[in-house]
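Generate the whole structure from the sequences, applying the supplied hints.
Oh and the sequence shown: position 29 is 112 in the working numbering, straight run, nothing missing.
Just so you know, these hints were derived from the structure itself, not from any lab.
Each hint can be trusted.
In the SDA-like style, the derived pairs of lysine to any residue whose C-alpha atoms are separated by at most 20 Å in a straight line are: (1) Lys199 x Thr231; (2) Lys239 x Ser268; (3) Lys246 x Gln198; (4) Lys222 x Arg182; (5) Lys246 x Pro165; (6) Lys125 x Lys160; (7) Lys306 x Met294; (8) Lys125 x Leu156; (9) Lys239 x Ile223; (10) Lys188 x Lys230; (11) Lys138 x Glu180; (12) Lys222 x Trp297; (13) Lys222 x Ala232; (14) Lys148 x Gln159; (15) Lys199 x Asp155; (16) Lys272 x Ala307; (17) Lys276 x His309; (18) Lys162 x Leu124; (19) Lys199 x Leu156.
In this text the structure is predicted, and so the values were computed from the model without any measurement.
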Amino acid sequence: MTNPLSLGWMMIALFFLQSCSHIAQNFPSYPVNQENIDDLLKATTDAYHLAEKVKARGDQMLVAKKGMRYADLCLQKNKSLPDCHYYKALNTGLYYEARVVGYHKGLKIIVEEAQKVIDLDPSYDYGGGYRVLGRLYAKIPAFAVGKTAVRRDLDKSIDYLQKAITIAPHYPENYLFLADSLYESNRLKEALKILHQMWSHPLQPEWRPMMSQWRREGDRLLKAIHKSIPLPIIVY
Numbered sequence: 084m085t086n087p088l089s090l091g092w093m094m095i096a097l098f099f100l101q102s103c104s105h106i107a108q109n110f111p112s113y114p115v116n117q118e119n120i121d122d123l124l125k126a127t128t129d130a131y132h133l134a135e136k137v138k139a140r141g142d143q144m145l146v147a148k149k150g151m152r153y154a155d156l157c158l159q160k161n162k163s164l165p166d167c168h169y170y171k172a173l174n175t176g177l178y179y180e181a182r183v184v185g186y187h188k189g190l191k192i193i194v195e196e197a198q199k200v201i202d203l204d205p206s207y208d209y210g211g212g213y214r215v216l217g218r219l220y221a222k223i224p225a226f227a228v229g230k231t232a233v234r235r236d237l238d239k240s241i242d243y244l245q246k247a248i249t250i251a252p253h254y255p256e257n258y259l260f261l262a263d264s265l266y267e268s269n270r271l272k273e274a275l276k277i278l279h280q281m282w283s284h285p286l287q288p289e290w291r292p293m294m295s296q297w298r299r300e301g302d303r304l305l306k307a308i309h310k311s312i313p314l315p316i317i318v319y
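The following block contains the structure:
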């Protein structure tokens, strides 16, 4: 006799697969040699960038989970590469952002992997380990069950993002995230000062794909600050 509960889970799984787009189901569209660390790094990196772009939660979960798997395979080959830890943290974040259930487990993984990036190479991806932790502590819920649970902490967020700026003072996203955390802490004048420093350094060509998004988010934050304090809006 068929277990109705098992049948129910099968139907849910079938619906999940059907709801995923062709591109998500068929990622990666190129062969990945699981014995080749460069192939694994490319796959986990590409998974993160695709999971960040897809709109459906099912797609995001599916692609990010594949990215987590490739990162784990990468770590089995070489635990001393910050890249593997970094993209495990990023893919884990996108996976639990879409899945929601069990996200506290995901938060602990992100913290652990980001700290390993810092231990191995603090300068990796313009202070990326510090930036991941800084953003994490600003955006997660303040309430969490258990003494060891990861919870919102804006002081920690600001500290990590200041360290990211110290390491990479020319990278705009470090300033954007720090300004946002200062704004959330109601430190509005400091947030405005940091936001104005965001574009004060020469821009690199490799940042071009992200610049329009950074500008949109910077404008949004500037308007939010302007609503709280009567200062002129500066258009970038």
